[in-house]
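Undergrad: One letter stands for each residue in the lines below.
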Amino acid sequence: MSWLLQDTFGRALVEAVAVGMLTGLVGVHVVLRRLSFFTMTMAHATFPGVVAASILGINIYLGGVVAGLLTAAAVAALARTRGQETTAATGVILSAGFALGVALVATQNGFSRDLSAFLVGSILTVTTENLVVTAALLAITAVALTVGGRHLLYVGFDPAGARAAGYRVRLLDLALLLLVDLVVVAIVPAVGTILALALIVAPAAAARAWTDRLAPMTALAATLGAGSAVAGLWFSRLWDVAAGGSISLAAAAVLLVSLAAHRLRDGFRTIFLSAT
Amino acid sequence: MSGLVAPFSVPFMGRALAELLLLAVVCGPVSVLVFLRRLAFVADALTHTVFPGVVLGFLVAGWTGIAGGALVAALLTAVALTGLTRWGRLSDDTTVAVLLTAMFSLGVVLVSRQHSYTSDLTAFLFGRLLTVTPAQLAQTAVLAAIVLTGLAVTARPLVLRAFDPIAAATAGYRLTLLDLGLNTAVALVVVAAVQAVGTILVIALLIVPAATARLLTDRLTAMAVIATAVTGLAAYLGLLASWTASVRYGVRLTSAAAVVLTLVACYLLALLAGHLRRPPTPPTATVTR
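Those protein sequence lines, which keep their order, are chains V and W. Each position in the first sequence, counted from 1, maps to that position plus 43 in our numbering. Each position in the second sequence, counted from 1, maps to that position plus 3 in our numbering.
Among these hints, one or two may not hold up.
[Unchecked claim] To give an idea of the interface, some chain W residues facing chain V are shown, with a C-beta separation under 10 Å as derived from the structure: (1) L42; (2) D47; (3) H51; (4) L93; (5) D95; (6) S108; (7) G110; (8) D167; (9) A207; (10) I210; (11) A225; (12) R255.
Derived from the structure by calculation, the hints contain no laboratory data. All values derive from a computational prediction rather than experimental measurement. No residue lacks a Cβ here, since even glycine has one placed at the ideal position from N, Cα and C.
Model the full structure from these sequences, guided by the hints.
TA: In structure tokens:
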């Protein structure tokens with residue numbers, strides 16, 4: 044293992060696998076609960092937190108998590124205002140957070156490099172701190188979802204039933220948003236917002252095409268996430284293109300293949316059924 | 004008093020304001036439809052999916068190819084989005100997310116083969132609001148006129164489709180065509196705006212004005228008018244703030260970000276005004292025996 048961490052590409056590979064598994068695990072819930080836009084907003088709205096933290100000299104992960112919590116609270120509060128609904132409220136928060144982050148960054152020197160790193164990441168220059176944070180969060184997420192995944196699913200599909208069964212629905216919803224917040228904050232510095240969204244949504248949607256059951260879906264999503272990450276890195280090295288872009292294209296290709304396979308399987312099943 | 008007008012007598016400030024006012028006129032009604040149809044994520048996606056078009060256009064024909072490339076990419080996105088969401092194999096938000104990331108990444112991969120990698124991306128994010136050329140102004144005006152004409156013709160079915168898709172289908176409207184029309188309108192606005200004002204500002208212009216107007220009124224026409232007025236006001240105040248901060252106080256305040264933050268401030272004021280105008284529903288009377 045340690046020989047891998049010596050070289051830049053090896054470190055990127057380790058980070059990519061860890062990030063792919065982490066996003067696959069969380070992505071299943073994001074896809075099932077239709078939280079893609081919220082995830083995108085989280086990625087943009089944690090940006091001012093990260094920038095403010097780095098200006099003030101505190102831990103940037105702390106800044107990101109706090110900004111993420113404020114985002115979740117603001118979306119929830121705005122969505123409950125008369126005449127507003129979740130999509131519009133989320134959109135307003137996204138623009139506000141993004142603009143605030145950009146305004147803060149622009150007051151500093153050399154901001155264009157920081158900004159593009161925020162958008163597309165720089166997985167090839169991943170730091171030891173990034174690696175440790177991602178690995179720790181992967182362990183926490185795996186444990187949390189093993190214990191609570193089934194309950195999260197129940198609350199998502201049938202909130203009224205869950206409430207009647209004695210679940211604290213609000214608390215579980217909040218826990219899921221917090222998990223998304225943590226994952227986004229942990230991986231955006233290394234991989235950027237766009238790749239974060241791609242890796243959270245595409246592998247999980249691909250896994251959803253293969254199975255309807257939660258446990259296999261989660262395992263498959265984590266595998267596909269890690270696989271897309273490794274394949275993307277490999278192609279980026281082969282053809283000398285941006286690593287982040289190449290990984291997210293690999294994830295999209297995996298989804299396309301899964302959808303096509305799903306369709307073929309349906310087609311064969313119909314032919315088979317009509318023949319017998 | 005002259006401090007409020009003088010900055011805009013400088014040609015580049017005047018052109019920036021003119022560009023934003025043009026966009027305000029078209030974004031008012033478009034943002035209302037985006038609000039009604041809950042297309043905020045689609046609008047966000049379109050601002051990202053034009054990127055590969057911008058890159059390819061630049062590679063093929065230099066600076067003049069950018070607008071054409073963006074137009075092609077935006078129209079392709081509109082068609083792909085409409086088709087994929089009507090196909091219904093994936094949930095809407097998943098489709099949008101995948102299309103957004105895949106197309107943007109294609110742009111990033113293409114750009115990464117070039118040299119000035121970061122400066123291109125920054126220009127794309129911020130636009131060049133203060134270097135808007137008369138040609139860009141004309142281009143924005145043409146696209147705005149096309150979008151407004153299209154909306155004027157189809158406003159009634161679009162609104163019907165937003166509130167009651169079944170009734171719209173029963174009345175003989177083709178929902179897929181209506182969806183394609185609205186997605187195309189949003190795509191055209193993005194193309195008209197993104198090169199001049201950047202993605203940050205386009206997303207805000209397509210979402211925040213209508214959300215603000217909705218806090219102040221229940222009527223659609225009034226919403227469109229208020230949305231345009233608010234955008235125009237925020238454009239003026241934001242540019243003024245950016246100018247004053249940079250020239251007077253030497254603080255670097257990016258003009259695009261300043262306009263967005265002013266727009267969000269208007270939203271917060273409207274939130275407050277809405278609460279004052281319509282006090283929260285009184286607590287239900289306690290049941291007495």
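Undergrad: Could you tell me which of the hints above the structure violates, numbers in ascending order?
TA: 8 and 11
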